[in-house]
Structure formats: C-alpha cells, structure tokens
Amino acid sequence: MATTAVNATRPGPPTRARAWFSRFRERETWFAYAFILPWAFGFVVLTAGPMIASFYFSLTNYGVEQIGGFAETEYVGAENYSRLLDDGKIPLALKNTFIYTGMMVPATMVVALALASILLRIGRAGDFFRTVFYLPQITPPVAVGILILVLFNGSYGVVNRALEALPFIEQGPFWTTDPSWIKPSLAIMSVWAVGGTMVIYLAALRGVPQHLYEAAAMDGASAFRRFKDVTLPMISPALFFTFIILTIAGLNTFTEVYTAYFGAGSTGAEEPEAALMYAIYLFRQAFQFFNMGYAAAMAWLFFVIVMAVTLLNILGTRRFVFYQGAQR
Amino acid sequence: MTAGAPSQLGPTGTGAATARLPGVAVPERRRLRTPPFKRAIFIALILGLSVLFIYPFVWLISASLKPQADVFDNRLIPRDFANNYWGDPTPGAPGDEALFSLPEVPVATWFMNSVWIGVLGALLVTFSSALVAFAFAYFRFPGRNVLFGLVLATMMLPGAVTMIPEYLIWNELSQITGEGGRFAALPDIGVNTQYPLWVPNLFASAFYIFLLRQFFMGIPRDLFDAARIDGDSYFSMFRRIALPLAKPALIVAFVFEMQAKWFDLIRPLIYLRDTDLFTLPLGLKTILDQFGTGGGGESDWQIIMAGTVVAVVPMVILFALFQRAFLEGISTSGRKG
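Protein chains in written order, with our numbering: chain A, 1 to 328; chain B, 329 to 665.
Honestly, the hints are just simulated from the structure, not real lab data. Incorrect hints may have been included.
To be verified - For the chain A half of the interface with chain B, some residues (derived, Cβ under 8 Å), not all of them:
{"#": "1", "residue": "Ala53"}
{"#": "2", "residue": "Ser54"}
{"#": "3", "residue": "Leu135"}
{"#": "4", "residue": "Ile200"}
Even for Gly, the Cβ is constructed at its ideal location relative to N, Cα and C.
All chains, full assembly: derive it from the sequences and hints.
Quick look at the structure:
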C-alpha cells in the first residue's frame, strides 16, 4: 500500500504529519471507519457517555424522585462519597467480598492444577475426563445458586450427610444459615466450577518441553524439585493470568449469591449479612432503593478497588513469572 | 457488490489450513512415560474425583423426578416415578401439576425467550465484532492503534460503572416510545421490554473484537489482496474471504455469547418486570422464590429442581455440539464463565 511505502522512508516530522493527513484522502481509510462504526457508536453511547454520566450522577442526589420527575436533580458535591465512609454496610460488603475471593482464588488454582496434572498423566483418557470436569463450568450461575441451597442444607443436604458418615462428625455445619459457614460453602461451590482454569493449566502443562524434565531427572532432582523448579516456572504465565482473572471474577461475584440468599427470600431466614457481596449491595442501592447517585459513587469506589487490587496483583507477582521467549 | 471476475478462491480456500486460533499452542503430544501401575492409580483417583464432580448433576436430575416428600431422601434412583412435575402425573395425586403447565411460572415461555434472545444476540455480536475486528486487522488507518487501545481498555471496565446511566437511557427511551410519549407510534423500546437484552449486541464487544482480530491477523494478506485484484469490494472481500476462513473463531464468539446470555441474571433483573418477558435465569430465580422455603412457598423443591434441569440441560447439549469451540475459547481467552 502507498502508506507503507511512505512509512518506510521514515520522513521527518513535517512530512510525517502530511502523510498522516494524506491518508484521509484514501478510500481505504473511510471504509475502515465505516467498518468500526458499530463499535464506535456503542463506545460513545454505552461506555464513554455512561462513564461521564455516572461520574456526574455520583455528585448528585439523583434518585427515584428525580427519575419520576417529581424533584430537581441537585448537585451535592462529594456528599455521596463521604456517605460511603459512614455506611456500615460498605465495609461489611467489602470484607465479605474479600474473604470470599481470598478463599476461592487459591482453592480454585490448587484444585485446577492438581486435576490438570493428573489428567496429563493418564494419556488419551484425559480428554474424556477433561470434558467431565468442565461440565460444572457450563452450569448457569442461577442453577449453581440453587444447588448451594440444596446440597449444603444443614439438615438434609448431601454434603452434611457425607460428612456425618465420617466417624468423628456428629452434625455438619449449618452451611447456609450459620454466618461463619456461608462464605466457605460459596467458595467450595465455586471450586466445583474449576473447569476453565483447569483447561488453561492443561494447555500450559502440555507446552512444557519434555527435555527439561529429562535433564532435571538426570541431575537427580526429586519429583517435588521437578515440580517446583521446572513445572511451576514454566507454567507461571498461566498461573499469573488465571490469578488475575479469578480475582476480578471473585470481586464481581453476584449471581450465585444473589440467587441463593437475596430477593424474595429463599432460605426462609432473613437475608444473611454474611453473604452481602459488594456487587449485590450496589445492585440493591441502584435498582431496589433507586439511590442512583449514591450507587454511582459506590460503582466508582468499586472501580478504584478492582483496579488497585489488579495492579497490586500484577506488581506483586510479576517477578515470579517466567516468560520463555525472553530467555531465548 | 458481487465480484466482477470469479475468484479462484472458494470459501474453503487453502488459507483455512493456516488459519488457526492464535495463542492455542498446537500441543505436540508429549509421551509422558508414566508406568502402568502409577497410571492405574491416577485413573482410579480421577474416577473418584469425577464422581464427586458429576454427583450434583445426578442428584439434581434424580430430585427433579421425585415427589415432594422424597426430594432429600438421598436415593439416586427415585422410589416413585409417578408423582413428579415433568409430565402429567396421576390426577388427584398430591402435586398433580406439570412444571410446564403451572400458570404462575410460564417455564416454556421463559425457555423460548432465552433461546431467541440468545441466538439473536449471539449472531449480532458475532457479526458486528467480526466487522470491527476485520477493520483493525486488515486496514491501515489513522488512529488505528489508539482506537484499538480503547477497545482493550473497555475490557477492563467493570460493568457496574456504566450500568446505572445505561438504565437511565433505556428508561428515557421508554418514556418517549411508550404510551403518551412523543414517538408513541414506534414500537415500545426501553425498560420492561426485551430490547435492552440484545440491542447492545449490535455494537460489537471488546472481548470478541480482540479474539477475532487475532484470528484475522493469522490469515495471509495475499488472500485479501488477490480478492481485491479480482475486483471484490472491501465488504464482499470481508464476506467471501474473511468470514468463511474465520469460521472456527466465529463459532467461539457465538457459543460464548450464547452462554453469556443463557447465564445472565442481572440485566433481566434490571430491565424486566412482566413475568412473560423473563428469560430463564430470572424465571428460575422466580421459581425459587415462589416455591422455596421463604416467600410463602411450601418447599416444593421438586419443582425448583425440575426448573433447574430445564436451565442446565440445553447448555450441556450446546457444549456437546461445540466442545472444541468452548475449550479453545477458554484457552485463548481465559475468560471465566
């Protein structure tokens, strides 16, 4: 193309600007813009515009009366943000969300890695079992929420029946009603949906060159050393990636928990505070209490927290990640 | 639009072989020399674990086939097949209603809503994302890198931030297209219609743009240049060369969006009020609230279980049909759920 020829000569700044503008004379450029139009429209109307609007609303008292047109929208400055500090449910929801994420992420990673390592060693049969372990991942989250209620039911649930079959347990915990057991049961249920992470690890494990293990074995490395010093570094990009993704997913947890514990009430008990996740509290403020301004402030706090956690995760774990390409 | 001269390349041109999903390592099957004895132990272990993983499904199906009193009896094979909520059980027996004929929970309607919204939304987002992805992969235009950076940035944005203003947009639309509105002649779009569930799919989605762009970049440029020389317009080149070659990646986008729609609870919760408009996840939540222990229900867990089976089984079928797309998609993207 003509543009590449121009670029290839590396012209100085004035000509480069002219070359840049000259591309607007080409039909190709306008076709390209036409092709990306769907995204551009969506970006402006459904992403950028709402972001700005969301920030604006977070500085107002926008709520149910304003939606209905009964009251004027008033600018309240940082009031919504200072209200976040006084609202006792915010720290509660954050604590719940972090505890749940803190349990779910490592558990999922360990189980996924264990399953993938076993699948790798059983040859062709591994493909069949990979499908089996992936099935929970395609179970709708609402169904998972319902399964939590029935499987972990304190008196009748299958989990407690299995536990009580053990000689040293008389009565299993009341998972769905005891505040200290709600989050563990949610975490266990998410570990059930380990399939996606496992598939990623399986692909990573298959990519580890066999000769590294042979060399390590020749040097007399034990199975544990081979795992620690060959396997883990070689699959560290996959571990890193899933760590980031799972953490974000954990912080965003909504559907399973909302299904099981919120709404018209499905446990018969009161809505348990121990299950109040940040995304659920945000949803309620916005769409059940219609405190839109306050909810927008909550959303921005959430945005900052998710970004900060992700950044910390990246910075904190980056040095353990080994990229094969960089060494060559 | 149609090409002046017939192209030498059929829709399944030679490029198909080279066009694989990038990022999926073509695994060179390693022969791990696991001794047979150890292998037997591993297989036993994995069999045990898979029983653990499959058990909830078996329990669920079995519970859905039981009468109310037996749901928690822990038998995998129901004692009594006659009194469940699937068919038309013995008249006069306790609970002589079928799941699909309970008037307050129109399961069949919800199911069909989920199916058509899922298929339509997935088709739209796949096509629009392919169009955008192709532009980023093939064309060189001013601002390309900046715009693509924006696409990637939107992937990081939590939905919560845009959720409220988007609702207000739809709310505004229902004011002007609803009864008494300025555009009342138009069909009512907005809150409490199903438009908010699929219309955003018209505008492509960052994740699929990224996925499909990677794929398009793997297709040799010569193929497109050859089509141009043959007289194809840009669009017909996209339609005749790019789309057919990208079929594997398009299927990934399609099944992922189907799954996302089938799973989604929050958008129906926000936008839908009338029971007849619900999709299956919201319907299932309604069944749970109506028949569960809370909310005045009588603990009709067998109905809830039957409803859950209706939500679970279609995904299993979709997975069986498109297993490769699911597994490749997850390895490429690593997107959870």
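Structure versus earlier hints - violations, ascending order = none
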